[in-house]
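*Asks:* If you want the building blocks of each chain, they are given just below.
There are 2 protein chains.
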Amino acid sequence: MTTLQMPGPTLGVVGGGQLGRMLAEAASPLGVEVVVLDPTPDCPAAPVARDQIVADFDDEAGIRELAARADVLTFEIELADQDVLERISEDTGTPVHPKPSTLRTIHDKLVQKRELEDAGVPVPPFRAVDSADDIRAAIDDYGAPVMLKARTGGYDGRGNVPVESKEDAEDALESVAGPAMVEAFVEFEREVSVIAVKGDDEVATFPLGENIHEDEILRETIVPARSIEAASERAYEVARDVLEVMDGRGVYGIELFETSGDEILLNEIAPRPHNSGHWTIEGAQSSQFEQHARAVLGWPLGSTELRSPTALTNLLADVTENQDARLRDIDEILETPGAHLHWYGKRTSRPGRKMGHVTVSGSDPDTDVEALLETARELEDALTFTAE
Amino acid sequence: MTTLQMPGPTLGVVGGGQLGRMLAEAASPLGVEVVVLDPTPDCPAAPVARDQIVADFDDEAGIRELAARADVLTFEIELADQDVLERISEDTGTPVHPKPSTLRTIHDKLVQKRELEDAGVPVPPFRAVDSADDIRAAIDDYGAPVMLKARTGGYDGRGNVPVESKEDAEDALESVAGPAMVEAFVEFEREVSVIAVKGDDEVATFPLGENIHEDEILRETIVPARSIEAASERAYEVARDVLEVMDGRGVYGIELFETSGDEILLNEIAPRPHNSGHWTIEGAQSSQFEQHARAVLGWPLGSTELRSPTALTNLLADVTENQDARLRDIDEILETPGAHLHWYGKRTSRPGRKMGHVTVSGSDPDTDVEALLETARELEDALTFTAE
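Which chain is which? The protein sequence lines are Z and R, in order. Everything in the first sequence is counted per UniProt numbering, starting at 1 for the first residue and increasing by one. Everything in the second sequence is counted per UniProt numbering, starting at 1 for the first residue and increasing by one.
To be clear, the hints were calculated from the coordinates, so they are not data collected in a lab. Since the model is a prediction, treat every value here as computed from it, not as a measurement. Backbone N, C-alpha and C fix where the C-beta goes; we use that ideal spot for every residue, glycine too. Keep in mind that the hints are not guaranteed to be accurate.
One side only, chain Z facing chain R, incomplete, derived with CB under 7 Å [stated by the list, open to error]:
#1 G143
#2 M147
#3 R151
#4 V186
#5 I212
#6 H342
#7 W343
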């Protein structure tokens with residue numbers, strides 16, 4: 001039976017960005033404290049964390065200090081170093097969840113896709129790329145365009161390059177500048193995601209979210225997705241199959257393609273709470289951040305049921321150059337029933353940087369989610385990131 | 001128009017108990033930071049506050065430091081010293097909300113009742129007490145029993161002594177040990193409360209809560225209250241009249257008696273978020289803590305609409321002597337859909353001390369609140385505060 005004792009328990013989190021911040025916000029009501037490790041002094045999580053250790057994500061001394069203060073280690077960023085985490089966890093006895101082996105699998109998109117394919121998870125056709133010839137061969141096999149991906153280090157669409165024709169193969173490979181893989185380009189009907197939670201001996205999935213991207217950056221998520229039920233059910237099945245491959249407890253953000261034939265194909269996996277799951281704070285019975293805290297601690301998972309249909313829009317800094325963070329004209333958000341502002345407390349607005357998000361939740365379970373999305377867009381349009 | 005700039009804004013909060021903790025949890029998504037001042041090192045708010053200044057509630061140097069770091073000062077405990085706050089606010093230019101004059105009014109229950117009565121707020125018959133004769137005269141006028149109250153310093157029913165007969169007057173007065181007043185004992189049908197918010201040029205009220213006390217300690221709150229609509233409407237009217245008397249922005253907890261004749265009488269006022277408003281975290285569109293942050297900053301207030309019927313039960317330490325805080329058998333809470341644990345992170349369990357609370361929210365607006373209360377009680381019964 002789960003017992004709370006004071007002080008503690010403490011989560012040691014590698015990374016102190018907005019995910020760490022929202023994790024700390026969600027952990028506190030449960031009596032759970034958060035210490036973060038992040039190289040940026042006064043990172044977004046710092047104001048609500050018990051402490052920040054200022055150190056690089058792979059800094060051994062820093063992570064040892066984190067392990068010493070924590071009951072369990074976790075991470076909110078894939079840049080966490082699996083080898084360092086594994087070694088320190090073994091030395092100190094402080095468990096890490098998800099397991100470093102999962103980071104290892106996920107870090108290399110080629111390894112990831114191979115393991116998932118072996119486990120029966122439906123993935124787009126893919127192959128390793130050692131030369132431009134491999135890209136051209138992929139175009140022969142899959143048809144153009146194909147998607148060239150850096151095997152490591154990419155996120156928010158960075159490191160993903162569509163290749164329209166064989167003539168572009170050399171340039172594309174050069175732009176990726178490192179080990180690469182290539183995938184068939186999926187003609188999807190919509191992009192959806194399942195936020196899935198792996199607990200001690202249980203698994204839970206949040207209702208399917210539908211994601212709207214722009215320039216490969218996630219702009220909006222609406223829940224429930226506009227998928228037919230069979231596609232949703234298939235997405236949950238695939239998510240559960242993915243969790244079978246993942247080692248260690250925690251929340252996993254599983255991005256999927258839904259094809260026009262209602263087929264579900266895996267796109268990407270994040271072994272942590274995911275942008276497309278932020279809607280759960282207001283829209284679900286318990287949030288992905290609360291679930292992550294519960295899961296990594298080995299506590300029972302909570303209800304992932306939908307509370308209200310919810311639309312989320314990311315607040316991407318609409319600035320042309322770096323400047324002190326500023327958000328003007330928030331009154332309309334503050335005054336709209338069901339609207340909730342989440343501002344991450346980043347000190348600097350950089351062009352296109354995720355500075356916060358807004359959710360709009362319906363007043364009852366039957367609220368039309370497209371109307372909510374419309375409201376969210378209007379609220380975002382009213383905002384200004386600049387001084388004048 | 002409201003603008004967010006980083007870093008800040010910062011709320012400087014006198015007091016760092018559970019109210020400060022929940023305020024910090026609610027302020028963070030809005031990009032608002034909290035610094036608390038509290039004499040107990042590592043107070044409940046400390047883990048989620050930007051910083052704690054360890055100082056007494058009336059410590060001038062400490063409050064000056066708080067004022068220097070804050071955009072606005074507020075308090076989560078009536079023990080805040082109105083004179084010190086007023087002086088420092090004038091010296092530093094950092095505003096205080098609610099205003100120190102409001103604390104002054106509320107500190108002395110006799111002054112409070114007189115001002116409210118003058119403003120047309122319905123209060124039980126009362127009079128000043130200088131001697132036991134005054135108590136006996138009150139029994140002649142109002143009938144026995146009467147309620148003897150310490151004019152200052154009482155909370156959670158402390159300092160309130162029912163006097164059953166004239167023979168008990170001397171003993172009762174002695175037990176209060178200080179300036180006192182006496183009130184007619186109200187034969188109420190139920191105790192209710194309105195959490196009211198005074199904004200810059202607007203006022204909002206949360207749906208009426210019904211409070212269940214035991215030994216004058218608040219045990220449970222259910223929302224909506226089981227009052228008829230006319231009584232609810234009257235309660236909101238009275239709450240708005242009370243706010244007219246109160247000076248300064250913020251959340252006010254207004255406890256009321258509802259008599260068998262559906263009459264509403266004022267019981268007590270807290271110039272801060274109130275225990276009977278904790279249900280708003282899950283049950284309302286925005287919580288009393290978020291509203292308090294908005295109000296003291298002068299931002300627009302949010303929606304106070306009911307999101308789901310909700311029952312709250314306080315977790316009072318069921319121990320016979322002081323011991324390290326411990327809460328066993330929380331699994332049932334964690335596993336029940338709609339149930340939410342709030343554990344305040346206090347280091348020591350003292351007999352009867354408020355250690356946390358549990359809410360149970362319905363899945364839709366029509367959920368029967370009595371069933372939710374039943375569930376909350378079962379969850380609380382399953383808990384154990386002791387080691388074995």
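*Asks:* Now, for every hint given, state plainly whether the structure supports it.
*Replies:* Cross-check of the supplied hints:
no., hint, result
1, G143, "45 Å, violated"
2, M147, "35 Å, violated"
3, R151, "36 Å, violated"
4, V186, "35 Å, violated"
5, I212, "22 Å, violated"
6, H342, "5 Å, holds"
7, W343, "3 Å, holds"
Figure legend: structure checked against the earlier numbered hints; hints not met, in rising order: 1, 2, 3, 4 and 5.
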